[in-house]
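Enquirer: Here's the letter readout for the chains.
Number of protein chains: 4
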Amino acid sequence: MGDLLGVAVLGAGHMGADHIRRLDRMVNGARVAAVADPDAARAKEAVAGTEGASVHTEAEAALDAPGVEAVLIASPGPAHEEALLSAFARGLPVLCEKPMVPDSAGALRVVEAEARLGRRLAQIGFMRRYDTEYRRLKALLDDGRLGRALMLHCVHRNVSSPPDFTSAMLVNSSVSHEIDAARWLLGQELTAVTVLRPRPSAGAPQGLLDPQFVLFETAGGALVDVEVFVNCGFGYQVRCEAVCERGAARIGDDRGMLVTAGGSAGAEVPQDYLVRFADAYDREVQAWVDATRRGRVTGPTAWDGYAASVVAEAGVAALESGTRTTVDLAALPELYAVTGR
Amino acid sequence: MGDLLGVAVLGAGHMGADHIRRLDRMVNGARVAAVADPDAARAKEAVAGTEGASVHTEAEAALDAPGVEAVLIASPGPAHEEALLSAFARGLPVLCEKPMVPDSAGALRVVEAEARLGRRLAQIGFMRRYDTEYRRLKALLDDGRLGRALMLHCVHRNVSSPPDFTSAMLVNSSVSHEIDAARWLLGQELTAVTVLRPRPSAGAPQGLLDPQFVLFETAGGALVDVEVFVNCGFGYQVRCEAVCERGAARIGDDRGMLVTAGGSAGAEVPQDYLVRFADAYDREVQAWVDATRRGRVTGPTAWDGYAASVVAEAGVAALESGTRTTVDLAALPELYAVTGR
Amino acid sequence: MGDLLGVAVLGAGHMGADHIRRLDRMVNGARVAAVADPDAARAKEAVAGTEGASVHTEAEAALDAPGVEAVLIASPGPAHEEALLSAFARGLPVLCEKPMVPDSAGALRVVEAEARLGRRLAQIGFMRRYDTEYRRLKALLDDGRLGRALMLHCVHRNVSSPPDFTSAMLVNSSVSHEIDAARWLLGQELTAVTVLRPRPSAGAPQGLLDPQFVLFETAGGALVDVEVFVNCGFGYQVRCEAVCERGAARIGDDRGMLVTAGGSAGAEVPQDYLVRFADAYDREVQAWVDATRRGRVTGPTAWDGYAASVVAEAGVAALESGTRTTVDLAALPELYAVTGR
Amino acid sequence: MGDLLGVAVLGAGHMGADHIRRLDRMVNGARVAAVADPDAARAKEAVAGTEGASVHTEAEAALDAPGVEAVLIASPGPAHEEALLSAFARGLPVLCEKPMVPDSAGALRVVEAEARLGRRLAQIGFMRRYDTEYRRLKALLDDGRLGRALMLHCVHRNVSSPPDFTSAMLVNSSVSHEIDAARWLLGQELTAVTVLRPRPSAGAPQGLLDPQFVLFETAGGALVDVEVFVNCGFGYQVRCEAVCERGAARIGDDRGMLVTAGGSAGAEVPQDYLVRFADAYDREVQAWVDATRRGRVTGPTAWDGYAASVVAEAGVAALESGTRTTVDLAALPELYAVTGR
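Protein chains in written order, with the numbering used here: chain A, 1 to 341; chain B, 1 to 341; chain C, 1 to 341; chain D, 1 to 341.
Just so you know, the hints here were simulated from the structure itself, not pulled from any lab data.
Please note that a few of the clues may not be correct.
It does not matter which identical chain is used: a pair holds within one copy or between any two.
Below 25 Å or equal to it, Euclidean Cα-Cα: the simulated DMTMM-like pairs (lysine to aspartate or glutamate) are [what the hints assert, rightly or not]: (1) Lys138 - Asp290; (2) Lys44 - Asp282; (3) Lys138 - Asp103; (4) Lys44 - Asp18; (5) Lys44 - Glu58; (6) Lys138 - Glu60.
Required output: the full structure, derived from the provided sequences and hints.
Expert: As structure tokens, this is what we get:
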């Protein structure tokens, strides 16, 4: 792969700024080429420290800015339809935050526009499909080992809801993640929905129907139930248990994925250190690159490497002699005393 | 930050090739500028698909190649000392895989050379310090909530050992990770070591003392014990329990960190979706950038976005009516039927 | 307490025989005084080895047998009403297996009969109320720490259903345990029920609607959902999670009781060995009494006691000397070599 | 089995009183025939409410009391040797609390005395052998599935130590449980011991070496390590992990037993409700017998039985109609309103 992909980010609010940071610091192969937000000051602040990003107050101007090859839409939902259609008109690939378009009529217009193009340009931001645990559950369901999925039991709990959160938003904002996850995990469309309303929690704002219990039926006859409780007070919990014909698997709890099948309930044990520590290696090298580009050196020192050698040698001597062996280090050079560990 | 950091990778074996892929695909802000391996064919293969990397058979040649600003040493351990000193001579920052230098005399020469420079250039590849669980354990020990650490109980198990693995290598290769982790977690040097040798497992190669039980004493009077068992047959397990004056914390077992203190044993529950799904966001955007640069579109489709809107609207209707509400989707455009989900 | 309570057991089938064994071997303070079963051979077999139990083919005869002071009804459900009314007529206390009476009209007649007596004689066999985990959950809900319970999520899974199990029996036999548990845990009557029927599992017998998903509403506005799946194939699982205003608690999974509240998810750690090993003490003394009454001696030997003393003394010497200390045992007397450990 | 076994209990302190309660209330087939304690008042209090127990200040008098057929020794350790020899002289079976005899010379005298008798009379109170989890671990090790045991990692933690607890008592009192458990689990004698002393916890009383780390070697070449920490402050924890040639198994942590083998870490799922709820059945019937003998009726009421019937009928109607069905109960008779649930 050659040059960096130039991305226009639409929207510089909480989510947009987070994506700008991600493109600039975490993701390989891309750069922020332009940003648009009606609030120019906010847009400028979001790209401070990011080199080469032009700032705009109009989405269309950002799409037309030099170097823009792709679009990330992180503006408020009502602006998405127009932004998607603009990107389609320019043939630009798009990553669009959820909801794609808040109302289904507008969403259908987007689908029809892309279908007319005859090729896909849009990816929608259902990021749970990229979560390690969800991917493992999806892989398990797809490999057929547990048979067909009969039910999904889901839990979606937030500590507290934002101001002005409405009873409808529990369904069309919070549960929208479970809607996509259920469709994806089961590979089936949802065909009917029922919402049950237990007596609201004393911890919920006056008038908010919280919690709710949402039931989906699917085209294949499966059942999906979702507890959504956005003022549970005790933490953010997302849980999903798939009950299949020959076993059940649960994620989001206290192990990676707990599989119950054939008389035992257990978690997979990795077979390799590259699986267990893959993320650590990525973070290590990223941290080194980041520090180096800033002219700094951080992380384990040569002294740490030296001390490990000395201890390992003493260990081998202890192994061979069968006795306690002392570890004798040289004097600590001032360099390491100062920069510390 | 401006241009990409040009990295010379020394060694194109298993670990070197993995780091080349990492710098090229996962890490932001760097590029592979040169690679060196005595086996030129192996070096070439490792950078196939990586643009702009020169290939060398000599480490020094790679360090002097155009665009090289930093070095990643992934060659065999015996080559490290010379490579580190060469990098120091050129003022190049280095990330050096462990062991820094296999023998402590050589390691001390590296320390002294860097000390003479008067500034740090080297970071040693003890990647466990970048593992999420180890970092949480370190943070917990450092915040003082549990009091002083009195003991670390460690387990290091591999499915099977490579050919030619010796009894000494259980200590100076496998346990070297625990050596650094113990020094780092406790902030203390190790002062003595004892190695106990239970009767070897029938699953170990003839003549290999496996498992071993290694005991370290520390400058602060703590005790570190390590079960090292490199032919355990059942998986890769790395576990560490810190026993402190007011509680104990264990990682590497259940997901996360299990803290026992004040009459309960439990795991922290995240308070926010950005904590829970941070990795998913990173992977989502990386996957989108990667596909886009290859001219492809993958991931959730506009149809997925549309379907979510329709289901959400039906859900709100169900909430308001209190009854089961059917979901009515438009016909699926052929575009999505073909590209699938 | 003085003499043993004389119990008439009605029914000598699977459950009845189990209760006879329990009264004879496990329970303190009772004896089986009479047993009744239409199948006299089965009744005789059930009390073989039990001293002093008369055998009858008619329930009434057993109730009138000498020494009968209380009744345990373990006959088939349709016989319960008559047996209960007979016990009431004689003023005999009764423990009646569930279902008390299969049809609610008959059940109401029993209630009315006992109400006319003006005092309670009957205890119904909802044994989950005596399960350690359920009792802990009940205690937690009652102490008010988590606030009001809003929802119960229940799971009831069996490996496979008996022959002739009908779709209705998933509700009125399997779920009847959850019906009582929900009423007891919440302290509320159930006011409405809905049953959802996902597409049956391929593992269920032809025609059986298995699994089912049952929803109960309660007088206090709580919601109770129950997955009942009697041909899950992989094990017997009974799970119950209570979701409350300030936390959630789950039993029946892989810890005693997992409580999520205030940012952490955890299990209680006992403070005392008498809590942790209470059952072990009971079993130990019971095993000793049982063996002694049979003229046998089992369990840990005097040699075990001696060896523990020697090792402990060596341990103290090792502690004091700071060195490895060998353990020197006397020669093993033949007595212990023969009776083994 | 016929009459109740008459037991003389020696010692009416904490442990003796607990065993008297156990024999009287929990254990089937025995009765307390005599009790001896130098403190006659304490002995009398311990048997208050127990019918037919004679009270003595001398152990020998209790052994000779009418109806005594067996002895339970719960007096202080130094009195055990004489009590055991007295029981042997009378041919009485004995259950003797641990330590059998505190010093190994006395312990050996007991062993020799029993060996001279040529038959076993004594069972020693190592009650962990009766703990469900330990028994499962023992069974797993014995069935050979995981191969030979190579190491046991043990943890023994108490909240705090009693007054006057000495450093030696960590080894010869606390760890004595692990000494027996290790010998029993492995079926091997312990051959050497080493005690390591980390810097004491700030939470330990001045001068007490707490925690300690005790290492045992066994006749078969296995290694047993024990963390003993009697002022850990946070709870009572007893843990044991057996590391074998083909897997590892841990108890005392999560509920049940966690087995790691063949690439997964998991717990067994019971296949049957009788396994899962065995204890609940025992407690239920015991509670009923106890209440009945006191002339009381407790537990689930006939109203509970009736309500379950009504709800179950509504459930079946809901299943058949596919709709929400209300539950209609008769009026609650005053009897149940008063006695409550």
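Enquirer: So, for every hint listed, does it hold in this structure?
Expert: Checked hints:
no., hint, result
1, Lys138 - Asp290, "between (34 Å within a copy, 22 Å between copies)"
2, Lys44 - Asp282, "between (30 Å within a copy, 23 Å between copies)"
3, Lys138 - Asp103, "neither (28 Å within a copy, 45 Å between copies)"
4, Lys44 - Asp18, "within (14 Å within a copy, 37 Å between copies)"
5, Lys44 - Glu58, "within (13 Å within a copy, 47 Å between copies)"
6, Lys138 - Glu60, "neither (38 Å within a copy, 48 Å between copies)"
Of the hints listed earlier, those the structure fails to meet are numbers 3 and 6, in rising order.
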